[in-house]
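Chains A and B supply the protein sequences, listed in that same order.
The first sequence begins at 109 in our numbering and counts up one residue at a time.
The second sequence begins at 3 in our numbering and counts up one residue at a time.
Please note that a few of the clues may not be correct.
As the list claims (entries may be wrong) - Among chain B residues calculated to face chain A with C-beta under 8 Å, some are: (1) L8; (2) K16; (3) K19; (4) P20; (5) Y28; (6) R29; (7) S37; (8) V77; (9) F115; (10) I136; (11) L139; (12) T142.
Stated by the list, open to error - Straight-line alpha carbon distances no greater than 30 Å define the calculated DSBU-like cross-link-like pairs of lysine-lysine that follow: (13) B:K26 to A:K188; (14) B:K264 to A:K188; (15) B:K283 to A:K200.
In short, the hints are calculated from the structure, not lab data.
It should be emphasised that the depicted structure is a prediction, and the values quoted were computed from it without experimental measurement.
Note that CB positions come from ideal geometry on N, CA and C, so glycine has one too.
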Amino acid sequence: MKIGKIEEKLLLYRIKQSDKDAFIRAYDLYVDQLYRFIYFKVGNREEAEDLCSAMFLKTWHYILENSLKDQKTLKALFYKISRNLIIDHYRKTKGKETMSLDDEKGIKITDEKQNLNNDIELKADLLVLESKLPELKDEYREVIILRFINELSIKEIAEVLDKSRGNVRILIYRSLNALKELLSQDEKINLNA
Amino acid sequence: MNDQELLKQLSNLKQIKPDHNWQKKYREILFSQISAGRADLERNSNLKIVWESIMPREILINLAKPVWLASLASVLILAVGIGGVYASKNSKPGDSLYIAKIISERAQFAMTFDERDKAKLGVEFATNRAKEMIQVLEDTNQTATTNNDKLEKLSQNFKKEISQVKNRLFIIKITEDQAKPKEAEAEVFGANLGKSDQRMEIAEPATPALPTGQAGGGQVKSTVEPGKVATDPIIEKPAAVNATSTLESASSAGLMLEEAEKLVDEKNINGAIDKLGEVNKIIDQSEAGEVKGVSETASSTK
Numbered sequence: 109m110k111i112g113k114i115e116e117k118l119l120l121y122r123i124k125q126s127d128k129d130a131f132i133r134a135y136d137l138y139v140d141q142l143y144r145f146i147y148f149k150v151g152n153r154e155e156a157e158d159l160c161s162a163m164f165l166k167t168w169h170y171i172l173e174n175s176l177k178d179q180k181t182l183k184a185l186f187y188k189i190s191r192n193l194i195i196d197h198y199r200k201t202k203g204k205e206t207m208s209l210d211d212e213k214g215i216k217i218t219d220e221k222q223n224l225n226n227d228i229e230l231k232a233d234l235l236v237l238e239s240k241l242p243e244l245k246d247e248y249r250e251v252i253i254l255r256f257i258n259e260l261s262i263k264e265i266a267e268v269l270d271k272s273r274g275n276v277r278i279l280i281y282r283s284l285n286a287l288k289e290l291l292s293q294d295e296k297i298n299l300n301a
Numbered sequence: 003m004n005d006q007e008l009l010k011q012l013s014n015l016k017q018i019k020p021d022h023n024w025q026k027k028y029r030e031i032l033f034s035q036i037s038a039g040r041a042d043l044e045r046n047s048n049l050k051i052v053w054e055s056i057m058p059r060e061i062l063i064n065l066a067k068p069v070w071l072a073s074l075a076s077v078l079i080l081a082v083g084i085g086g087v088y089a090s091k092n093s094k095p096g097d098s099l100y101i102a103k104i105i106s107e108r109a110q111f112a113m114t115f116d117e118r119d120k121a122k123l124g125v126e127f128a129t130n131r132a133k134e135m136i137q138v139l140e141d142t143n144q145t146a147t148t149n150n151d152k153l154e155k156l157s158q159n160f161k162k163e164i165s166q167v168k169n170r171l172f173i174i175k176i177t178e179d180q181a182k183p184k185e186a187e188a189e190v191f192g193a194n195l196g197k198s199d200q201r202m203e204i205a206e207p208a209t210p211a212l213p214t215g216q217a218g219g220g221q222v223k224s225t226v227e228p229g230k231v232a233t234d235p236i237i238e239k240p241a242a243v244n245a246t247s248t249l250e251s252a253s254s255a256g257l258m259l260e261e262a263e264k265l266v267d268e269k270n271i272n273g274a275i276d277k278l279g280e281v282n283k284i285i286d287q288s289e290a291g292e293v294k295g296v297s298e299t300a301s302s303t304k
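Only chain A is shown next, with the shape it has when bound in the complex:
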């Protein structure tokens, strides 16, 4: 679900005024991409759901307490809170196995309408990427999810990561190269085998 800039501004304004309906609208708009972001970071569906729900509630409380004085975009705020929650989650689960990407259950794709071909293609893509994404540096993985999966603009990513646009561009370039290298190594191994 896409949203225009003006609509997002209006939504942010309404949320600043503690408008519950506006917040629920924001939930509808952003839940998919935020869930995806968390899911690729934690690698577990249930944990992703828990963190996602915790993130929305925390964001609401943050809005009530801070009135969003310095926040320019709502999306960036959601991502920032998500990142903080994920960091907390990593701290709590330190030493435990992470980044399973639901190995035992397989990735559940909830869009029931998609046809079988798409499903197979997606699963094949995921199988390739699911093994490689966790191997990337956390910073690189994060920027790949934000830029190429959730399609955030450079400006938005810069706001989420608290980096300059130039830094974000460099980070994207490096992370993409790192991913390509990982995939090419994998291809070489497969060919040799």
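Starting from the known structure of chain A, arrange chain B on it as the hints suggest.
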């Protein structure tokens, strides 16, 4: 795998979505959780939101504050200044507003650049000092010693103003004395320069009206008969006459100023004020005469 394929595969990952049931269920839970908190605030229209987003109230207030403060301060300063100047008009030495009067006089003087206007202002200020002397003399609340001191000071200031006016009149006299004959010469030579063999007609110059009544006005001596052409016209100098009148008026104004000084010394202050009034008139008349003379000279050279 090339870049495009990689990006396509990454884009395919977008299809990963949360469980629909969880999403729906959590939506209700979230709504109930946030509803338990603060009550809804009054909703604004989108137009108002857009307006407030473009020009938030804080920015307006922040912008308006210094502008308002600055304009209020300038209006106050202006009002106090104007009020002070008006209130100080009838003040005399020793009054709290007397200094404002002196400052306003100095400011007026500083803003005047023409020597004649400065001379007129000097006469006006001298008149003011004379009027202040009358006020001091009429003031019975002060002791005689205090009044005498004030009178002494005022008399000194009066003489200072008079001497300044005299100097200015002298300067005006010298500058006009130097400037006018040159102009007249330039006119004579200009009229004949390389044109003696050419046919030309010279209009009879207008007689300048001078206040002293001594201005004769230039006349063309050679009368031009019909059919004949004036080849060597002799023109008398109307501007020079004008200058003479200015010099005379300056000297007569100087004499009157001296008389005013004497009258102040004799404590005939009203008489001194009358004399100063006459000086003012002479300066005005000489100025008017000069302007007229200049315009006529200009027309004769056309």
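Evaluation of the provided hints:
Interface restraint check: L8 (chain B) against chain A, minimum CB-CB distance 6 Å, threshold 8 Å, status holds. Here the hint on K16 (chain B) is kept, as its CB sits about 6 Å from the closest CB of chain A, short of 8 Å. Restraint check, K19 (chain B) versus chain A: the minimum CB separation of about 5 Å is within 8 Å; hint holds. Given the 8 Å rule on beta carbons, the hint for P20 (chain B) holds: about 4 Å separates it from the nearest Cβ of chain A.
Look at Y28 (chain B): its Cβ gets to within about 5 Å of chain A, closer than 8 Å, so that hint holds up. For R29 (chain B), the interface hint holds, the least distance from its beta-carbon to any beta-carbon of chain A being 6 Å, beneath 8 Å. Taking 8 Å as the C-beta contact cut-off toward chain A, the hint placing S37 (chain B) at the interface holds, the least distance being around 6 Å. With 8 Å as the threshold, the beta carbon of V77 (chain B) stays out of range of chain A, its nearest partner Cβ sitting at about 35 Å, so the hint is violated.
For F115 (chain B), the shortest C-beta to C-beta distance to chain A is roughly 57 Å, which exceeds 8 Å, and the interface hint is violated. The beta carbon of I136 (chain B) is not positioned within 8 Å of any beta carbon in chain A (closest approach about 70 Å), and the interface hint is therefore violated. Interface restraint check: L139 (chain B) against chain A, minimum CB-CB distance 72 Å, threshold 8 Å, status violated. Given the 8 Å rule on beta carbons, the hint for T142 (chain B) is violated: about 71 Å separates it from the nearest Cβ of chain A.
Only pairs whose Cα atoms come within 30 Å are accepted, and K26 (chain B) paired with K188 (chain A) is accepted, the gap being roughly 24 Å. In summary, the hint linking K264 (chain B) to K188 (chain A) is not supported, as the alpha carbons are separated by about 93 Å, beyond the 30 Å threshold. With a C-alpha separation of about 102 Å, the suggested pair K283 (chain B) and K200 (chain A) falls outside the 30 Å cut-off, and the hint is violated.
Checked against the numbered hints given earlier, the structure breaks hints 8, 9, 10, 11, 12, 14 and 15 and satisfies all the rest.
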